[in-house]
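K.L.:
Sequence:
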Amino acid sequence: MRQPAEVAFAEELDALIRADKDPKPPGWRLSPRSVLTYIVGGKVGTRTILPKYVGNDRVVQIAISTLVTDRALLLIGEPGTAKSWLSEHLAAAINGDSTKVIQGTAGTTEEQVRYTWNYAMLIANGPSNDALIKSPIYHAMEQGSLARFEEITRCASEVQDAMISLLSEKRLSIPELSTELPAAKGFSVIATANTRDRGVNDMSAALKRRFNIVVLPTPAKIETEIEIVTNRVKELSADLSLRSEIPSEDSIEQIVTIFRELRQGQTLDGKNKVKTPSGVLSTAEAISLLAGSMALAGNFGDGSVSAEDLAAGLQGAIVRDEEKDKVVWAEYLKNVVKKRGSAWRSLYTACEEHNG
Numbered sequence: 001m002r003q004p005a006e007v008a009f010a011e012e013l014d015a016l017i018r019a020d021k022d023p024k025p026p027g028w029r030l031s032p033r034s035v036l037t038y039i040v041g042g043k044v045g046t047r048t049i050l051p052k053y054v055g056n057d058r059v060v061q062i063a064i065s066t067l068v069t070d071r072a073l074l075l076i077g078e079p080g081t082a083k084s085w086l087s088e089h090l091a092a093a094i095n096g097d098s099t100k101v102i103q104g105t106a107g108t109t110e111e112q113v114r115y116t117w118n119y120a121m122l123i124a125n126g127p128s129n130d131a132l133i134k135s136p137i138y139h140a141m142e143q144g145s146l147a148r149f150e151e152i153t154r155c156a157s158e159v160q161d162a163m164i165s166l167l168s169e170k171r172l173s174i175p176e177l178s179t180e181l182p183a184a185k186g187f188s189v190i191a192t193a194n195t196r197d198r199g200v201n202d203m204s205a206a207l208k209r210r211f212n213i214v215v216l217p218t219p220a221k222i223e224t225e226i227e228i229v230t231n232r233v234k235e236l237s238a239d240l241s242l243r244s245e246i247p248s249e250d251s252i253e254q255i256v257t258i259f260r261e262l263r264q265g266q267t268l269d270g271k272n273k274v275k276t277p278s279g280v281l282s283t284a285e286a287i288s289l290l291a292g293s294m295a296l297a298g299n300f301g302d303g304s305v306s307a308e309d310l311a312a313g314l315q316g317a318i319v320r321d322e323e324k325d326k327v328v329w330a331e332y333l334k335n336v337v338k339k340r341g342s343a344w345r346s347l348y349t350a351c352e353e354h355n356g
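The UniProt record's numbering applies: residue 1 is where the sequence shown begins, and numbers increase by one.
Quick caveat, the hints were computed from the structure, so don't treat them as lab data.
These numbers come from a predicted model, not from an experiment.
Hints are supplied without guarantee of correctness; some may be wrong.
[Stated by the list, open to error] Below 30 angstroms or equal to it, Euclidean Cα-Cα: the simulated BS3-like pairs (lysine-lysine) are:
#1 K275 x K324
#2 K21 x K43
#3 K339 x K221
#4 K185 x K134
#5 K271 x K339
#6 K338 x K324
#7 K339 x K324
#8 K24 x K208
Between the sequences and the hints, there should be enough to build the whole structure, so can you do that?
P.N.:
Structure representation (structure tokens):
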């Protein structure tokens, strides 16, 4: 359904590689400056490089500089702050391969981090290289490239602890074969962690010391968030072949405004406090809401996103806890949206009908 970043943006990466004259660290396809251009956007000759991350450029510079050193990188932040998105694009730009991924869950085991075995071959012939099943981190150590560890804090403590020696010694012991694998130059790990969902276990202090931690903030300005949402909705519309027009600028601004106010617990002008619902209401959820509204309009409407389409998405995004959130949403509609005049009237009416 979605191509990896190195495939989707292959032309941009090729243009940057051809134009890159700066020195490259071991194992890197691009210099740090060119990686920054790929991530935040810019020009290469006559070609425009689209921004992949909209926010503070300094944050991206720190992340890239970390990966030049021998320290691993931990991206943390609220849900929807583009941690996984930035992780993928960093790996795509640096190595041309963003697919060495471990997805952290409560069921992730230490073997998935290190290596496991083809047990049929193991029983038949004993331990051998042919029977060894290598993890993404094993492959990254062999090749001197980046591995990604998504939602590392959702893993059990013993799984997290398996990373300590790998990041400290940069060697992976394989006692069954009486050998060990030294990491080739260029090896590192980009991990992500969610500040809202503490997961199964917090990271130990020992593991945190092995990472340089970069906090990805929520967009500081509404204009930045609107730009992020607009660009991603356009990309999703093309990728998913949604048979609908892109929502109007006013519609996107209204959705982002609602999300920001409910997330922050006050109106944008700071004059009124509002109750916050149980959901996170991240930028990523605003993007999904608008894409869903486009799907409704394209398949069951006239192809133009209406207030009813937006209201349906808002109801599902905001009212997660039927008892609490329905009251919060009703109060916000009555005390804030209703008072915003004619520009908001159709959205208010549609939302009232859905929440009723």
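K.L.:
Would the hint linking K21 and K43 be met if the CA-CA limit is 30 angstroms?
P.N.:
15 angstroms, holds
K.L.:
Measure nothing beyond the straight line between the CA atoms of K24 and K208; if it is 30 angstroms or shorter, mark the hint as holding.
P.N.:
27 angstroms, holds
K.L.:
Please work out if K339 and K324 have their alpha carbons no farther apart than 30 angstroms.
P.N.:
23 angstroms, holds
K.L.:
Within a Cα-Cα threshold of 30 angstroms, do K271 and K339 meet the stated pairing?
P.N.:
13 angstroms, holds
K.L.:
Against the 30 angstroms threshold, does the CA-CA distance of K338 and K324 hold or violate the hint?
P.N.:
Between K338 and K324 the Cα gap is close to 20 angstroms, so the pair holds against 30 angstroms.
K.L.:
Would the pair K275 and K324 pass a check requiring their Cα atoms to be no farther apart than 30 angstroms?
P.N.:
Roughly 10 angstroms between the alpha carbons, so the hint for K275 and K324 holds.
K.L.:
Measure nothing beyond the straight line between the CA atoms of K339 and K221; if it is 30 angstroms or shorter, mark the hint as holding.
P.N.:
23 angstroms, holds
K.L.:
Quickly compare the C-alpha distance for K185 and K134 to 30 angstroms and report which way the hint goes.
P.N.:
Holds, at about 19 angstroms.
The structure shown violates none of the earlier numbered hints.
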